[in-house]
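> What follows is the residue order along each chain.
There are 2 protein chains.
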Amino acid sequence: MIEFKPIGIIHSPFKDLHDMPIQPTGAVGVKGSVEVFADFREGLADLDGFSHIILLYLFHRSQGCELTVVPFMDSKPRGLFATRAPKRPNPIGLSVVQLDRVEDGMLHIQNIDILDGTPLLDIKPYVPAFDHPDDIRTGWLEGAGKTVAQKISDDRFK
Amino acid sequence: MIEFKPIGIIHSPFKDLHDMPIQPTGAVGVKGSVEVFADFREGLADLDGFSHIILLYLFHRSQGCELTVVPFMDSKPRGLFATRAPKRPNPIGLSVVQLDRVEDGMLHIQNIDILDGTPLLDIKPYVPAFDHPDDIRTGWLEGAGKTVAQKISDDRFK
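As they're listed, the protein sequences go chains L and A. For the first sequence, the working numbering assigns the number 1 to the initial residue and increments by one for each residue that follows. For the second sequence, the working numbering assigns the number 159 to the initial residue and increments by one for each residue that follows.
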């Protein structure tokens, strides 16, 4: 077993798993913030130069693990690892969000699709040279990616 | 504290922290594999339709945490969260790699920058609509991203 600890808390307008966007592309303009605990704020230096950051966080309201799921964007069962569904063996969420500014250990962010009160695990700078491959295929999601902005969650992963 | 467990092991040609590429863009064509433990293989269904996947893994050879680091690509100290350095409060690594094929619970991948024997925590499909924002700035890395392919690691984060 590996032990991790929260390094902050994510604040957002989404108080419930219902009726929230399922990915940042469905949350354009939605503002939130990341409160980084005092012990870790030294590590935020230089972050304000980046327009986008990768947040890793705990799916803290998700319980158990389902290796086959019906994703929000489909009507067929799919392998869990071919989806971004939260009931994972290690329930780590990943979102790329826009960073507006850093103030006193608080990151002000946009395009947030994360539940209020979510425990933060890590922050990484988004770097296209590392994070943006070319010639991409997206399997069952081909086409679905374009419509994700319109999709909202329901309680299937509660 | 949050407990996570390995769901597989990453195999690569890199047996030591020295002399390995520091990001997948420096590892073009380098082949490796991800062995997913039998208990979790059901979750691999449908993954083969995706050309790229996001691997989350444990920086298992990294000890301790340094909130200010001198990254491989710079000569100045930088805030840890503005870098991808491994000595993080929660030592979770993230790499976007090319998926060539899935066979009997083994993912054959390319462009791998990960140490051999690394414990796997999660696999997510890479979806541009979620993971590729527009209008990106990369702070201190502006320009450095273009040269990362030539950089190799040394022992500073051992």
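Check before you lean on any hint, since a few could be wrong.
Coverage of chain L stretches by chain A, computed from C-beta distances (three or more under 8 Å per stretch; other residues unrestricted) [what the hints assert, rightly or not]:
#: 1; segment: 7–18
#: 2; segment: 27–33
Taking lysine-lysine and the DSS-like style, the derived pairs with C-alpha atoms no more than 30 Å apart in a straight line are [what the hints assert, rightly or not]:
#: 3; chain 1: L; residue 1: K5; chain 2: A; residue 2: K234
#: 4; chain 1: A; residue 1: K234; chain 2: L; residue 2: K76
#: 5; chain 1: A; residue 1: K234; chain 2: A; residue 2: K173
#: 6; chain 1: A; residue 1: K189; chain 2: L; residue 2: K15
Keep in mind the hints are simulated off the structure, nothing from the lab. All figures in this text were calculated on a predicted structure; none of them were measured in a lab. We treat Cβ as the ideally placed atom computed from N, Cα and C, and that holds for glycine.
> Honestly, which of those hints from before does the structure not fit?
1, 2, 4 and 6
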